[in-house]
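Protein chains in written order, with this note's numbering: chain A, 1 to 249; chain B, 1001 to 1254.
Keep in mind the hints are simulated off the structure, nothing from the lab.
Among the clues, some could well be false.
One-sided excerpt, in silico: chain A residues whose CB lies under 8 Å from chain B [stated by the list, open to error]:
{"no.": "1", "residue": "Leu60"}
{"no.": "2", "residue": "Gly111"}
{"no.": "3", "residue": "Ala152"}
{"no.": "4", "residue": "Gln154"}
{"no.": "5", "residue": "Glu197"}
{"no.": "6", "residue": "Leu219"}
{"no.": "7", "residue": "Phe223"}
In this text the structure is predicted, and so the values were computed from the model without any measurement.
For each residue, glycine too, the CB sits at the ideal point set by N, CA and C.
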Amino acid sequence: MASRILWITPVGTDKYDQARLEILRGAVSEDTRVDLVSLKRGPHHLEYRYYQALVMMDLLRLIRKAERDGYDAAVIGCFYDTGLHTAREVTQSLVVTAPGEATMHIASVLGHKFSIIVGRKKWIPQLRDNVLAYGFASKLASFRSVEIGAEALQEDPAETMNRLREAAKQAVHTDGAEVLILGCSRLYGFGRDLQDELAVPVIDPVLASVKHAEFLVALKQRFGWGHSKICSYEAPPQSELRSWGIEED
Amino acid sequence: MAKQILYVEPVGSDRLTSEIARYIEHERAGSADTHIDVVCLGRGPRNLEYRYYQAAAQVDALHRLKRAEREGYDAAVIGCYYDPWLEDARELVRSMVVVAPAEASMHVAATLGRSFSVLVGREKWVPQMYDHAVHCGFGAQIASFETIGARPADLQGNRQATEKGLMAAAKRAVKEKGAEVLILGGTLKFGFYRQLQDALGVPVIDSVLASIRHAEFLVDLQRSHGWAVSRICGLESPPSDEISRWGLEEQYAT
């Protein structure tokens, strides 16, 4: 069945959009259309909680607009899964997914333990909290950091690759990882080579999240299995949003 | 791309295999270019409620899956909500995708809400299913297990009672236990999810359908991106030469 997916890069730069759009379009089925949008203002990466706070409302506006525009799914393109639960709460029936959740769900069925390779140590505590919240604490072999900030991961791909290779080897040989996850939406384009070298699955967050979105859209279209709208993802009343004037863009 | 999936009902009787096949067809569980066969084991227990029955069916089931791989299937489903021998099967086969209903259903449920309840036949099933849920990582997401007091043969044998029992259990789960998503915890509860879902307004996951879609998803990931089961450590396959040198398949043949 035909479907439309919107990938949202929740930062104020479109520097990586074209590269990612090509990857996304190459990954989906023929009858899936993927579009990509980034923010018109704001920080260029989300390493800090402060930056995440800044982009949140713009991100949620795009999420709500995606639903109004008739998209079947939106992907929040940051490995922190920034705003994932809020986005599911504030929409009526849009499928929402994000790279952290998507990669972990895949990794956890491909082996007993996975490691997540991140850009900087700074990211680990917040990502570890996500691992715990999603239920995969017992599947986590380790985090490994390449100590390159999000801004620089695609600047010198050869250097990034060298460090990823070292981190991946340590994860597999020292930490007991059977599956690896690349823990940043800017770590695209490295997975296949690492996978071939190390002979373990290396889950690319851009590919995984868009495939997971397609999977969830199909479940919704065929069986009516969308996000549950009782309890946790109950949407705030429209009337309240309107009367408080927080509806406007 | 075309896919071939084998749904193995790991019991001795084929009484329900054609009904399951019809159900999968009717619900259009697979994509248009996916071919799905449904088989049973041809001998052994008629249900797997007891660990002893699971032990009795295990070797035949593993060999059936191995055979499915030789026959060229891209994926196989172990059609029992205990997900028996899931890791044994993943260890044994070389590249065929193996999935099972509980794992598939829980992965789906966990992305659709923050908590889910599992509707099962009897209390007897709960501890083993609970252990498996924890093992898969979803212990904290379980709102409850709800039982309807039915053995496997009753579930399709007396559909009226099953429907009534499931409706009452579903209401308990949603209204009293805080479940945001429901899973039909059993592969013989097919044919009920849609009316429950419509009545309660929450997603109700049919584990047969979820397992077929999960199988397709994983086949797709394996083909497109090479994301197959990791063969180091836990799921390293036993050496083929050892298996043949010891004559294991012949000694334990059906």
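*Does the CB of A/Leu60 sit less than 8 Å away from some CB of chain B?*
violated, 19 Å
*Under 8 Å, Cβ to Cβ, is where A/Gln154 needs to be relative to chain B, so tell me if that hint holds or is violated.*
It is violated, given that the least Cβ distance between A/Gln154 and chain B is near 20 Å, above 8 Å.
_Hint validation: A/Phe223 versus chain B, beta carbon distance must be below 8 Å. Holds or violated?_
holds, 6 Å
*Let me know if the C-beta of A/Leu219 comes in closer than 8 Å to any C-beta of chain B, holds or violated.*
Holds, because the Cβ-Cβ distance from A/Leu219 to chain B comes to roughly 6 Å (cut-off 8 Å).
*Double-check A/Gly111 for me: the hint is only fine if its C-beta lies closer than 8 Å to a C-beta in chain B.*
holds, 4 Å
_Does A/Glu197 hold up as a contact with chain B if the rule is Cβ-Cβ below 8 Å?_
Violated, because the Cβ-Cβ distance from A/Glu197 to chain B comes to roughly 12 Å (cut-off 8 Å).
_Status of the hint placing A/Ala152 at chain B (closest C-beta pair under 8 Å)_ = violated, 25 Å
Checked against the numbered hints above, the structure breaks hints 1, 3, 4, 5 and satisfies the rest.
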